[in-house]
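Number of protein chains: 2
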Amino acid sequence: MYVTNVNSTEINETMPGVSLRWLLSKEIGTPHFEMRYIEIKQGYNSFGDPHEFEHEVYVLKGKGRIEGKDQTVEINPGDAILIFPGEKHRFFSTGRESLEMICIIPNGAEDRMKDKNFFCKP
Amino acid sequence: MYVTNVNSTEINETMPGVSLRWLLSKEIGTPHFEMRYIEIKQGYNSFGDPHEFEHEVYVLKGKGRIEGKDQTVEINPGDAILIFPGEKHRFFSTGRESLEMICIIPNGAEDRMKDKNFFCKP
Numbered sequence: 001m002y003v004t005n006v007n008s009t010e011i012n013e014t015m016p017g018v019s020l021r022w023l024l025s026k027e028i029g030t031p032h033f034e035m036r037y038i039e040i041k042q043g044y045n046s047f048g049d050p051h052e053f054e055h056e057v058y059v060l061k062g063k064g065r066i067e068g069k070d071q072t073v074e075i076n077p078g079d080a081i082l083i084f085p086g087e088k089h090r091f092f093s094t095g096r097e098s099l100e101m102i103c104i105i106p107n108g109a110e111d112r113m114k115d116k117n118f119f120c121k122p
Numbered sequence: 001m002y003v004t005n006v007n008s009t010e011i012n013e014t015m016p017g018v019s020l021r022w023l024l025s026k027e028i029g030t031p032h033f034e035m036r037y038i039e040i041k042q043g044y045n046s047f048g049d050p051h052e053f054e055h056e057v058y059v060l061k062g063k064g065r066i067e068g069k070d071q072t073v074e075i076n077p078g079d080a081i082l083i084f085p086g087e088k089h090r091f092f093s094t095g096r097e098s099l100e101m102i103c104i105i106p107n108g109a110e111d112r113m114k115d116k117n118f119f120c121k122p
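Protein chains in written order, with this note's numbering: chain A, 1 to 122; chain B, 1 to 122.
Nothing false has been slipped in among the hints.
As the list makes no split between identical chains, a pair holds if one copy fits it or if it spans any two.
Under the rule of at most 30 angstroms between Cα atoms (straight-line distance), these lysine-lysine pairs were calculated in the DSS-like manner: (1) Lys88 / Lys26; (2) Lys41 / Lys63; (3) Lys88 / Lys61.
FYI, nobody ran anything at the bench for these hints, they're computed from the structure. Owing to the predicted nature of the structure, the values given are computational and were not obtained by experimental measurement.
Isolated chain A, as found in the complex (with noise of 0.2 angstroms):
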């Protein structure tokens, strides 16, 4: 059994207003799945590359929207999403406090955002 508190967990930024926090990883022995606590503070968004594996995200608090290839979501807390392998999507914090999500990838998928200095310019 591995605990872990999201307070105590170190907290990398991956671009401006956007922070991540490793909670599960392979590094402590998830067999299949990783999860990270997302944090995107008001204004900002994510990337919205699409990659080929999917995301599982639960929003805990804050108000966003999803923009897609085809369609835009209005998203918040208590919901849950899919967004499948090859999708395009960005994550946009549009409420007065940030979005704050648990984000679950198969193992490895993200391994190159566990670098500190991993950065990219939005």
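Position chain B relative to chain A; hints supplied.
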């Protein structure tokens, strides 16, 4: 893209005091892992048997403890938990409100619990 909300997802009572909502399941197209919302009412507990697949859990509300084979761990909101494959574990809800959690498992690992009539005496 598929979006649902916890409040619009059907509730399955899996055993007394424990309910399960299938937020993202293979039936709607998850490629590898499924997301459930679990609520354990005050004073109740989950199954305790080990199984061959992992659980990844994020605690949203309430307080509780997990009893394993050799350890007992207190859990609180913001905790992320990895239960390793084959590891004995039982969740107890010990706070004044229900213990509410997101739980991710490999596709199909608990299909028997998708049956609304699934019921197991504690």
